[in-house]
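Undergrad: On the provided structure of chain A, position chain B as indicated by the hints.
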Amino acid sequence: MSPHRLAAIDPSDRTTALVLRIGAAALVIGLLAFGLLYYTDQHVASVPSILERQIALTEAAVRKSPNDLQVRTQLGEVYEQAARHDDAVVQFDQVLKVAPNSKDALIGKGFALMTKGDLDKAVVPFTTIVSATRKGEFAGADSQLGAAYYYLGVIAVKQKKPDVALSQLGHALKIEPTDSDAMYQVGLAQLQKGVPVAAIATFRNALRFVPTGWCEPYQQMQAAYTSLKQPEMATYASAMAGFCGGRVNEATTSLTTLTAGPAAADAMLGLGLIAETTHDTKAAAAWYQKALAKEPKNVAATSALAALGVKPAAHPGTAKKK
Amino acid sequence: MSDQTQSSTDLLDLLDDMSAPPTPPATVPPVDPARRRRRRIILAVVLALLVLLVGLFTWYLLNRKPLSELPGLNDAQVPTYKTSFYDVSRPLGVAVSPDGSRIYATQSGATPTTFVFDRDGTKVGELKPPTTQKTLHVPVYVAVDPTNGDVYVGDRAAGKVYVYDANGTYLRTFEPKGVGVEQLSPLGLAVGPDGTVYVADVLSAKPADHRILVFAHDGTLRTVLGKGVLNYPNAIVVGTHGEIYVSDSNNGRVVVIDQTGKVSTLIARGVGDGDLGLPRGLALDDQGRMFVVDTTDHMVRLFTLAASPTTHPAYVGSFGDEGHDDGKFTFPNGAATDTRGRVYVADRENNRIEVWGY
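Protein chains in written order, with my numbering: chain A, 1 to 322; chain B, 1001 to 1358.
Isolated chain A (complex conformation):
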C-alpha cells in the first residue's frame, strides 16, 4: 500500500477496521472454542458390540485352551454370526482335523460355505453327515441329520435342482414333520418343478404353523395363483402379504372386497386372523363362523374357532340326520 493511500484512511475508518479485526478474530476463536466444547461434551466413545465382545471372549478361551474342540467350534460359530465366513471355516477345519465326524463342525462349515455362496463346496460336509448317520439307530430322530438334509435341500433349490431338493427336504421332514421352513423350501422346489397347485398346498401347510409375521409364503402363493390365472386368490395372497408387512388397513379393505367371490372363505379367514392379532376375539370368531358357513368342512376355520374356545355354530350342511 502506498503512503498516499494510507494517509487517506481517516480515524473512524481505522476504528472500524480495528473493531472488524477484533470481531473476526473473536468469531473465529469463539467458533473453535464452541466446536471443541460441543465435541468433547457430546462425544460418545464407541464400545464393542455384543458380538465383538463374544468374539473377544471366545478367542481368549481358544488361546487359553487351544485343544478344546467345543470352544473352537464356538469360535467358528461366533465368527459365522459376524459373517466372517472364511475365519469360521478355518476354525471348523481345525476341529475336523481332530474329529472328522464332528457334526457341529460339519454343519457349521457347510453353513458358512453356503452363506458365502460356495454351494458346491457346502454340499460336502452336509453329505458327510448324511453318509455317516443316515443308517444309525437314532437317524429318525437325529436333528443334526435333519439339518443336513434341510441344507442340502436349500442348496438344491438355490441350484435349481428341484428333484434333488424334494428328495432331501422329504428326508428332513420325516425327521421334523412340523418344520415350516422345510415345507416352504418344498413349495419353492414344487414351483421350480412347475406344479403350482401342489406348491400352494405346501405353502398353506407351512403357514398353519406360522400364521403371522411370515410374508414369503404369501408372496410365493400370489405368484402361483397368478400363474394359475386365479386373480381373486392372487389378490387374497397379496392382501395377506400386505398384512404381514404391516399394511393392515390396506389388507383389510382388500380382503373385505373378496368376501363375496371365489376367495370368500380365505378372505374371511384372513379377516379373522387380522381381528385376532388386534385382540378382537369377538370379531375374529364371527369371521371364522362366516368362513365355516361358507365352507362347512374348512379345517382352518374349525381349528381357529377351537383355538379361541368358540364352538362352531350349527349350519344346515353340517347338521346330523336323525
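There could be a bad hint or two in this list.
Now the stretches of chain A that chain B is said to cover, found in silico as 3 or more residues with beta-carbon under 8 Å [to be verified]: (1) 16 to 24; (2) 37 to 46; (3) 244 to 252; (4) 274 to 284.
None of these hints come from the bench; they were simulated from the model.
The structure displayed is predicted, hence computed values, not measured ones.
Where a beta carbon is used, it is the ideal one built from N, C-alpha and C, also for glycine.
TA: Here is chain B on its own, set in the frame of chain A:
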C-alpha cells in the same frame, strides 16, 4: 506504520476489493464511501454472528443438549443409537439423576441389585438392599426423586421400596402408612416434583387387585387410582399438569390418570402404526416426547403429547428392532430420559442399557 499494521490493512483492502476489480493506488480517492459502506456492512454481519454465537454458547451451557434440540427446530424426530452400557444382567428398570450425571439400572439376573453408572457408562456404585432384610431381592423399577436426587428402588420379591441417596448409600425402607398398604408388590415407581410417591402395586395375580398407590413423601397413603381397570400396571411417569401416565401392560395400552382419578386410554393395543403389543417402560422428556417400550415388539414407540393430557398423542415413529446388534433390542423393559436429549432403554435379554440420543 509497522509492517504488521500494513499487512492487516492490506488484508482489509483485499476483503473490500474482493468483489471489485483491482484499482491502481494512484486513482484511489481519499475517501471512498462505497468501500466504507461495505466495511460497515461486514462489521455488522460479524457483530451479528458474534451475538448469535454468544447466544448459542449461553443456550448450550445452560442446557448441554445437542444442537438438534435448539428451540424452533423440529423435535418430532426419532433418536439415534449412541452406545450401550454392559455388565448388567437382565436389567428391568432404569432411571436418571436430575442432572443426567448418574444412571441407575436394576439387575434382575445374576445377583439381583441396582447399579449406578456415570454418563460414560462406567459403573460407579451399587444400590444394595439392606442386609437386615434376609429375603429374596428382585429390584424391578427404579425412580429418582426430583426434589433431592434420592433413588427409590422397588423390590418386588421383598415387597419393599428401598430409598438410597444419589451416591447409592441406603437411607431407609419406604414405610407406607394407611389401610391395605401394609404389604406391597411394587412394579412401576415415580416421584413427582412435589415429592409425591406413586407405586404400581400388583399384590396378587388378579387384575382386580392391581392399582396405583399415591403416597405423601412421608409414606401416608393419599389415594388409590385405577383399581379394577388396570392389568399389571408397569411404569409410571408424572406429567406437567399433575396427571400421571401408566403403561397398563397386560391390557396393551398406555393410560393417563388425571387429578380426579379418571382413567383414559391414550394409546391402545393393535397392529397398526403406533399401536402397542405389550407396553412396559415409559418415559417422558422435557420436550413433551413420550417413549413407550413395547417389549414383545422389541422396539420403542415415540409419541409427542398433545396440549391436553387426554388427547391422543401424535405418533412419531419407532426405533429398535429384534436382535442383538447395536441399536436392536431383545425384550426391552424400562426406559428413562434425561434433560440432555438422551434416552436410556433397559435391553433385558441382551444384558445392557442402550443409550439413544438426539
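Undergrad: Now, for every hint given, state plainly whether the structure supports it.
TA: Here's how the hints hold up against the structure:
Coverage of a stretch by a chain is defined here by at least three residues with a beta carbon nearer than 8 Å to that chain's beta carbons; for the segment 16 to 24 of chain A and chain B the count is 7, and the condition holds. With a cut-off of 8 Å between beta carbons, the segment 37 to 46 of chain A has 7 residues touching chain B; three or more are needed, and the interface restraint holds. Requiring three or more residues with a Cβ within less than 8 Å of a Cβ of chain B, the coverage given for the segment 244 to 252 of chain A holds, as 3 such residues are present. With 4 residues bearing a CB less than 8 Å from a CB of chain B, the segment 274 to 284 of chain A meets the requirement of three and the coverage assertion stands.
The structure is consistent with each of the numbered hints, conforming to all of them.
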